[in-house]
Amino acid sequence: MNETHTPIPVGTTVVVERTDETMEEMYVNMGPQHPSTHGVLRLMLKLDGEYITDCVPYVGYLHRCHEKIGENRNYTQVIPYTDRLDYLASMSMNFGYVQAVERLMGLAVPPRAEYMRVILAELQRIASHLIWLGTFGLDLGNFTIFIYCFREREMVLDLFEAVSGQRLNYSFYRIGGMAMDFPDGWVENCRGFLEWFKPRLPEYDALMTDNILFRKRVEGVGILPTRTAVEYAASGPVLRGSGVAWDLRRNDPYSVYDRFEFDVPAYDSCDVWARYLVRRQEMAQSVRIVEQALAQLPAGEIQAKVPKTIKPPAGQVYARTESPRGELGFYLVSDGSPKPYRYKVRSPAFVNLSALPEMLKGCLVADCVAVLGSVDIVLGEVDR
Amino acid sequence: MTAEEILGQIQQRFGDAISAAEVKGPEVRATVKPEVAWEACRFLRDAGFEYLNCLSGVDWTTHLEVVYDLSSLQHPLKAHLRVPVGREAPMIRTVTDIWSAANWHERECYDLFGVRFDGHPDHRRILLPEDWVGYPLRKDYADERMVPYTEYGLEEKLPRAEGEKPAVKAAPRPAPAKPAAPSPEAPKPS
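Residue numbers (the working numbering), protein chains in the order written: chain A, 3 to 386; chain B, 438 to 627.
FYI, nobody ran anything at the bench for these hints, they're computed from the structure.
Quick caveat, the model's predicted, so the values are computed rather than measured.
Beta carbons are placed, not taken as given, at the ideal position from N, Cα and C, and that holds for glycine.
Among the clues, some could well be false.
Computed spacing ranges between beta-carbons, pair by pair [said to hold, decoys possible]:
hint, chain 1, residue 1, chain 2, residue 2, range
1, B, Gln449, A, Asp212, 57 to 63 Å
2, A, Arg169, B, Glu459, 44 to 50 Å
3, B, Asp534, A, Asn253, 26 to 32 Å
Given the sequences, and given the hints that come with them, work out the whole structure.
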């Protein structure tokens, strides 16, 4: 610790050493009820003065036996349960699951359905990042950004309500296609939303990215070195904020993502600031993808011919997609019956959260909220 | 290295302990005995599979299985490793010293299947409360709180104890009472 009170440059890593044998560690409990843990998460922080020496996360407060339930439902009945995994990105959860079942069955999806899937998944990414941005700013004291982000998110939810009838938990994807087609005028409304949304991103920059108060709180904080990020199998913006430009849409493409031009933002500083920038840029890239997908949207049917009872052949598959939080994987084992034999969800927030103690090493307790917000967890997905 | 080369090296190195090995597309699949599982994981990590996507358990009624799904950020190959373990006292060496991501995955496997991971730094339940008894994702897990799923409307098919009546739908809500007529003595509104 710095005894002479000279300012510490932004980006310096502070190493805390115990200099006094009588110094005691203090345990501070954060959660499970807490306005900034983004759900029911309990963090046990071990403090040495103001510095965090260790953090032990306790999860499971939202465990709802998702995987056991999945073994007792047929493959289509599982879809509404996947909505409720990461309830802020239900379209992405649906996408990951139906993708896995189709891969197990070797089923081809009609092109219009594929484009619909990408459009809805990218709009969902925008909505999810808007919630993240709004709540992240709110945690740090920026009340205005929360209102602005939720205003845009309401527009996305209006689009989703027009297409599926639901504002959240859409259950819109089906094995082999989609439940329904876009209603009349939806494509024009979507384009209208994108035209409204594009000038909003500089507004968010004015409130957050270019805000010196915000910058000082997030630069150099919550470092997750690249090697540690890979060892902890971090994915999504957490991995890209640690310098690894790995995006499943680009590196292991699924659906029709290989037909679109978009950038994969990655930053080297491995801190909260890098993760913030990754998500901020991803919103702009998602807009690009949706525009291209709307322009290329083909006509045709939206559902492949599937038998009334879906019985994939016996076998297993691990299929992964890029959800707003990272690599969403579904490990499915089929025994030829209409119900999954084993159904496992590899949740990106669960794996990213396991790296939180590494990120919090050497941080001040006041930085805990910023670091936790930068991981972007949803407890529904962590606990299943 | 291609997938076939990796498979060849694994078979050469571990010989009899490997069964059901094949290459499917970009994926190397193998079933290994638990005694050599850690070494096989170490070998695969050194062969370039530095990313542990998923570690899960499967209950095949006769035995349990720990499944590793690996991939790499450098090359497009994937690996899928299956390690069968017995149902009584299932134990396997932890791979947290190979991939730190395995830490929470193994805790979850222990929590839901009861597989013990020898050498795990933090071997305790993760999703269920610490005092939970039993391993729910096993196929023989029974709990009186588990209600079998029946289609809506067929409540009479749910299992019930002797003499218990089938569940009935709730009685309909009574119609709201009509507002009473104003009495003659009440002052008229001006």
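Taking the hints in turn, this is what the structure says about them:
no. : hint                            : verdict
1   : B:Gln449 / A:Asp212: 57 to 63 Å : holds, 59 Å
2   : A:Arg169 / B:Glu459: 44 to 50 Å : holds, 46 Å
3   : B:Asp534 / A:Asn253: 26 to 32 Å : holds, 27 Å
Hint compliance for this structure: no hint is broken.
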